[in-house]
Structures are given as structure tokens and as C-alpha cells.
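> For reference, each letter of the sequence shown is one residue, going 106 to 331 in the working numbering.
No wet-lab data here; the hints were simulated from the structure.
Quick caveat, the model's predicted, so the values are computed rather than measured.
Among the clues, some could well be false.
[What the hints assert, rightly or not] When the alpha-carbon atoms are kept at most 27 angstroms apart in a straight line, the in silico DSS-like pairs for lysine-lysine are as follows:
(1) Lys178 - Lys149
(2) Lys300 - Lys254
(3) Lys254 - Lys188
(4) Lys254 - Lys269
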Amino acid sequence: MYGILFGLDGTLVDSDPIHFEAWQIILAEINPDAPLIDREFFNKHISGRLNADITRELSSHLSEEEQEKLADKKELLFRQLAKEKLQPTRGLDKILEYIKQNRSKLKIGLATNAPRLVVDFELGILKLDEKTFFDAALLAEEFGIGKPKPDIYLELAKRLNVDKNSCIIFEDSVSGVRAAVAAEIKCIGVLTSAKQETLEQYGTWRTVQNFEEINLDEIWSAIQSE
106 MYGILFGLDG
116 TLVDSDPIHF
126 EAWQIILAEI
136 NPDAPLIDRE
146 FFNKHISGRL
156 NADITRELSS
166 HLSEEEQEKL
176 ADKKELLFRQ
186 LAKEKLQPTR
196 GLDKILEYIK
206 QNRSKLKIGL
216 ATNAPRLVVD
226 FELGILKLDE
236 KTFFDAALLA
246 EEFGIGKPKP
256 DIYLELAKRL
266 NVDKNSCIIF
276 EDSVSGVRAA
286 VAAEIKCIGV
296 LTSAKQETLE
306 QYGTWRTVQN
316 FEEINLDEIW
326 SAIQSE
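All chains, please: the whole structure from these sequences, using the hints.
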């Protein structure tokens, strides 16, 4: 039995450009005199992180209640923008078909820092039912511990009842890769947001541009041989 563990934002869906646009708008509203954030800033300070950590760092002059409202406003804007722009990560249909054809020997898990509203929205776009497609799903806001700590992936493997050495994680962000590496589970970095050298710096096992480059049978063979 093998386990495929997915992140969501930027992994199953190519959402980072939309998150970037939403954060640009929101941060410009609260800091109108500051220059617009660029992709380098976004990748370093925002991508893959929990909203609570982002707002705590970038809007420290606001109260905790105001920071929560800011995060809610950003997520509402994200969903408005994403209705027209959000797409599955290229090649995801290939992975989904592989899973369908090999379901009896696979366990599928989801671990995400995304809030519940975003998870439901994005899975709806993908037409994936959380209860039937995934054997287990963990949201950081419900589980209580988010990435880059490894706990969410360790618990996910446990709930899937699959040895972590027989699992592969697909992640796109630094925080996701850090969580996977700390959990000692092999990680493939999907380069929808971060640069290859960045994810390699944090210890990802492999990188791909998108799911078109994935051969899961070859990956299982590689895992067994190590």
C-alpha cells in the first residue's frame, strides 16, 4: 500500500497568482504609502503560511480582531477573483486517472494550511469530494498545528495507516516542503510558486514543473530501491 499526500493551495490548484493579487490589494489598502509587494516578498513572507501568522507579521499595528477581519476580507477577495481565474494544476487530470485506476493499492490524503472556506471552494472547483476522494484530510485550523511543523503530515500518514516510507508528498511552498522534510517523508516540489533552487535548499526529494512530469510507477520503484 502506498500513500499520496497532497497539499492544496498551489499544489492541486494553481492558486498562488490569485493569492498574490489578493494580498497585493489588501496590503495596499492598509499601507497605501508602501510600495506594492512583489513576488519575491510574497514567496518569502506569505506563500504557504497560515493567515494568522501572515497578518501578525504584516499588520502588527492592528489589533488581533482587526487582523482576523483582514484575513477574512482577503479570503473573500481571493474567492471572488478565483471564480474566473482558478485552474487545476497542469497534469492533475493524469494523476486523478492514475489514482482511479490504482485505487485498491493507494491511500490518498490532504494536508493544508488553507482555511475551511478556501478548502471547500477549491475542492468544489476541482469537483473533488473531500469525504469520498480522500481517505483522510487535515486542515491546520482544525487540527491545531500547521506547516512548517511536521505534525500534520505525521498524523495524516497515521490516519491513512500507511508507513511513511511508502508515502510521497506533493507540495509547492517552502512551508510545505519543510513540513514534509521534518516528517521524513519524501517530497516532490511542484514549481507553481517557489523556485527549484529554493525548494531544493529546504530538502525536497525531487521537483517538477507540474503533474505532467510525474510517473508514479517510477516513483514507487525509486522509493522501494532506497
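> Each of the hints needs a verdict: does it hold here or not?
For each hint, the structure was consulted:
1. Lys178 - Lys149: Answer holds: Lys178 to Lys149 is near 22 angstroms, not above 27 angstroms.
2. Lys300 - Lys254: holds, 21 angstroms
3. Lys254 - Lys188: It is violated: about 31 angstroms lies between the C-alpha atoms, which goes past 27 angstroms.
4. Lys254 - Lys269: Roughly 16 angstroms separates the two Cα atoms, so the pair holds.
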